[in-house]
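Please put together the full structure from these sequences, using the hints given.
Residue numbers (our numbering), protein chains in the order written: chain D, 1 to 644; chain S, 1 to 201.
Quick caveat, the hints were computed from the structure, so don't treat them as lab data. Just so you know, not all the hints are guaranteed correct.
[Stated by the list, open to error] Quick list of simulated restraints, FRET-style, between CB atoms:
{"#": "1", "chain 1": "D", "residue 1": "F82", "chain 2": "S", "residue 2": "V117", "range": "55 to 65 Å"}
{"#": "2", "chain 1": "S", "residue 1": "L23", "chain 2": "D", "residue 2": "L613", "range": "39 to 49 Å"}
{"#": "3", "chain 1": "D", "residue 1": "L216", "chain 2": "S", "residue 2": "G80", "range": "25 to 35 Å"}
{"#": "4", "chain 1": "D", "residue 1": "A174", "chain 2": "S", "residue 2": "W6", "range": "40 to 50 Å"}
Each residue gets a CB set at the ideal place from its N, CA and C atoms; glycine is no exception.
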Amino acid sequence: MKLDEFFVTGEPLIYGGMVSIVLVTSAAIFLLTYLKRWGWLWQEWLTTVDHKKIGIMYILSALAMLFRGGVDALMMRIQLTFPNMNFLGAQHYDEIFTTHGTVMIIFMAMPFLIGLMNIVVPLQIGARDFAFPFLNALSFWSFFFGAMLFNVSFVIGGSPDAGWTSYTPLAGAALSPGPGQNFYLLGLQLAGIGTLATGINLMVTILKMRAPGMKLFQMPIFTWSTLVTTFIIIFAFPILTVALALMTIDRIFGAQFFTLTGEGMPMMWANLFWMWGHPEVYIVILPAFGIFSEIIATFARKQLFGYKAMVWSMILIAGLSFLVWVHHFFTMGAGALVNSVFSVSTMLIAVPTGVKIFNWLATLYKSRIQITTAMLWALAFIPSFVMGGVTGVMLGMAAADYQFHNSYFLIAHFHYVLIAGTVFACFAGLVYWYPKMFGHKMNERIGKHSFWWFLIGFHVCFFPQHFVGLDGMPRRIFTIIPEWMPLNVISTVGAFGMGVGFVIFVYNIYYSWKNSPRETNGDAWDGRTLEWATPTPVPFYNFATVPKVSGLDAFLSMKKKGETTFDETKLEAIHMPSNTGRPFIMMGILFFASFALVFEWIGLAAVGLIGTLIMMGIRSFDYDEGYYVEVDEIKKIERTVRGL
Amino acid sequence: MSTQEWSTGPYEYRTQEGRMTILGFWIFLGAEVVLFSTLFATYAVLFGRTADAPLPGDLFEPGITLAMTFLLLTSSFTCGLAIHNMRAGSLKGLITWLIITLALGLGFLGFEIYEFVHYAHEGATLQSSAFWSAFFVLAGTHGVHVTLGIGWAVLLLIQLVQRGLNPVTSRKVFVVSLYWHFLDVIWIFIFTSVYLIGMVV
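If you want it as structure tokens, here you go:
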């Protein structure tokens with residue numbers, strides 16, 4: 001293979017990308033060397049098994065991915081506003097909408113939420129870490145290297161260009177030769193290992209490691225949403241694993257699953273993909289529901305209205321999420337009966353979702369609402385998300401869907417649910433738990449600026465797309481006719497408004513790090529659940545003494561009784577897991593194997609795979625049982641962080 | 001991490017860590033059920049799509065698949081005996097029965113490799129048609145699982161010799177036994193829905 005086949009050539013924008021990658025990497029290497037931080041990076045971060053640090057790494061990576069996906073989005077908007085300027089060619093446009101979708105769903109939304117779960121769930125249930133801390137680190141590095149593999153495609157080998165859904169036969173070897181589509185398959189496969197492992201890990205953590213006395217129906221609602229989400233992960237991700245594997249075998253080893261030859265069946269891909277893909281959208285929306293429920297209860301200063309109904313509606317949504325996948329391709333022609341069944345099951349989802357909306361409204365009813373930044377995101381979520389829900393029911397009507405299918409009406413619909421639902425929740429959750437993570441709040445004034453820019457930008461961007469879609473503009477085209485021009489220009493203006501909101505949000509991280517007053521006690525918002533019972537910064541073992549729980553909103557009753565998580569009479573030595581670099585190394589080797597497979601260098605891929613197996617063998621012989629934190633040390637740490 | 005320990009009952013359940021690992025593994029097996037279900041569904045959808053390649057009925061032979069079934073089912077039984085010996089505290093019994101289990105597993109694999117090579121000679125390969133792709137990937141995934149299981153159990157045998165029976169080694173052996181029985185269950189479905197149905201079509 002020649003060098004100019006290995007690197008992507010001929011696109012000025014991509015040359016720019018290469019230069020900036022080189023610059024950023026050298027700057028990072030220089031800074032780490034100059035400040036003598038390599039040891040710190042290795043010991044504190046790359047080898048950590050602490051759920052709080054892993055969560056922070058997830059969120060940082062997700063923010064970087066949000067930037068990348070956002071730049072993709074803005075490039076698409078520029079192209080559609082100036083369609084005849086040749087800003088992006090057809091091929092480049094195809095690549096960019098593919099990476100935009102994939103990055104946003106797989107490498108932004110999920111890791112952001114999993115990052116929040118990492119930090120918050122053990123704290124909410126009174127646990128000292130995950131059930132399997134080693135596995136948790138492994139999950140993170142599998143996601144990280146998967147994301148790197150996918151992202152490197154735009155400078156090395158070329159990006160995938162068959163859409164984030166990668167329908168066959170287009171995505172097959174005959175019509176998409178070259179490494180691009182392999183990057184998609186193996187990047188997702190690598191990251192998928194981590195997602196499944198996290199699902200299992202969190203489920204066991206929640207089922208087995210709750211504080212004494214905490215019954216399932218006394219768990220904080222975010223923990224409940226996590227438990228339901230892990231259920232969906234465990235039953236949906238293996239389907240993706242198989243689908244990706246089958247297409248990989250098709251492309252690299254010449255099998256005939258989704259091909260046009262050998263009696264293959266291309267539409268089977270659409271079925272497999274959406275049998276995972278539809279539950280997947282609930283994987284990214286249910287935790288968002290959980291975050292908003294926590295925030296609304298905290299800042300309405302009331303117990304969440306209809307807690308049990310909230311939980312049951314989530315369980316119902318999770319069950320229904322597996323029964324609606326055909327609505328993504330009503331136009332495939334499965335017949336009237338099949339389409340009707342899936343039409344009805346799709347519309348049924350509106351029922352439990354409606355229950356949740358009314359419960360949030362009832363929580364807010366007659367309460368004294370504190371308008372904080374986190375609460376603003378939550379309040380904006382309700383009406384915006386309902387709009388996405390209404391268009392969702394419209395799209396769910398199979399007959400009408402023949403009109404809406406693959407148009408900008410659909411684009412508007414899913415951005416209304418995914419941005420107003422998931423992205424708002426990510427911002428809200430980060431702002432809300434920020435003091436727990438970093439020991440200071442994010443600046444409220446700047447936070448509100450960023451909120452308004454983003455919210456208004458969002459509606460300006462996506463509201464017009466309903467109409468341009470009804471006007472016939474299909475998705476995934478790189479040029480438009482003059483009639484669609486005005487609404488597209490408005491959309492682009494809105495998109496840049498969202499961009500400004502994001503930049504302000506990131507600036508706020510820097511500004512608050514410099515200027516925000518440090519937290520003196522752990523309870524930044526006068527919270528109700530156990531994460532606020534820990535001091536800030538949270539000691540690595542979380543709880544010096546684990547509280548006994550006897551009802552909902554455990555911390556609220558602790559505060560009434562004057563209890564803390566530091567009861568000197570009950571202290572015992574705490575068992576903690578040791579740090580380890582093996583997850584990083586193991587996933588690094590698997591990254592190497594996957595990269596080799598992308599270019600179909602079978603020998604090298606086999607070497608990498610054997611290396612991974614050897615690492616697993618070494619892990620099997622590892623009898624490191626962690627260490628104990630002695631009572632005296634706990635006392636010292638607690639007294640410092642509590643200022644006693 | 002919690003340190004709640006029990007002083008009675010099977011070794012593998014005595015520590016909180018052991019109980020959590022076993023539950024986690026059960027959940028993992030749930031995910032594996034979904035993985036194999038997807039492969040079975042794929043096979044069912046592509047059934048009969050043989051294109052120009054031979055039909056399954058021309059190639060599938062009752063003798064060899066019965067032998068494979070017999071080997072794997074027996075290995076599940078000996079694996080149960082191994083755990084029975086472990087619970088009774090007999091390290092020697094555990095190791096002996098585990099080695100017998102692995103030998104039976106290796107016999108199964110030998111037959112499967114022979115079978116695949118034979119089919120390839122007759123013109124049915126991964127590339128020949130959608131049906132044969134689905135067949136080789138479904139049976140092959142099971143075969144890869146068996147291979148990994150054997151490798152894993154060998155590592156555990158070494159650890160058993162080094163460390164004897166304790167809560168950690170018994171937990172590991174117990175988990176690998178769950179995995180082994182699971183592969184047996186999958187094989188029963190492959191035997192009936194792939195081979196028996198395939199022979200009459």
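Task: Consistency of beta-carbon spacing, V117/S to F82/D, with hint 55 to 65 Å - done: holds, 60 Å
- [ ] Determine whether the Cβ-Cβ distance between L216/D and G80/S falls within the hinted range of 25 to 35 Å.
- [x] Holds - the Cβ-Cβ distance for L216/D and G80/S, about 33 Å, lies within 25 to 35 Å.
- [ ] Can you let me know if the beta-carbon spacing of A174/D and W6/S is within 40 to 50 Å?
- [x] violated, 60 Å
Open item on the list: Holds or violated: the 39 to 49 Å window for the beta-carbon distance between L23/S and L613/D?
Closed with: violated, 26 Å
Violation of the numbered hints given earlier is confined to hints 2, 4; the remaining hints are satisfied by the structure.
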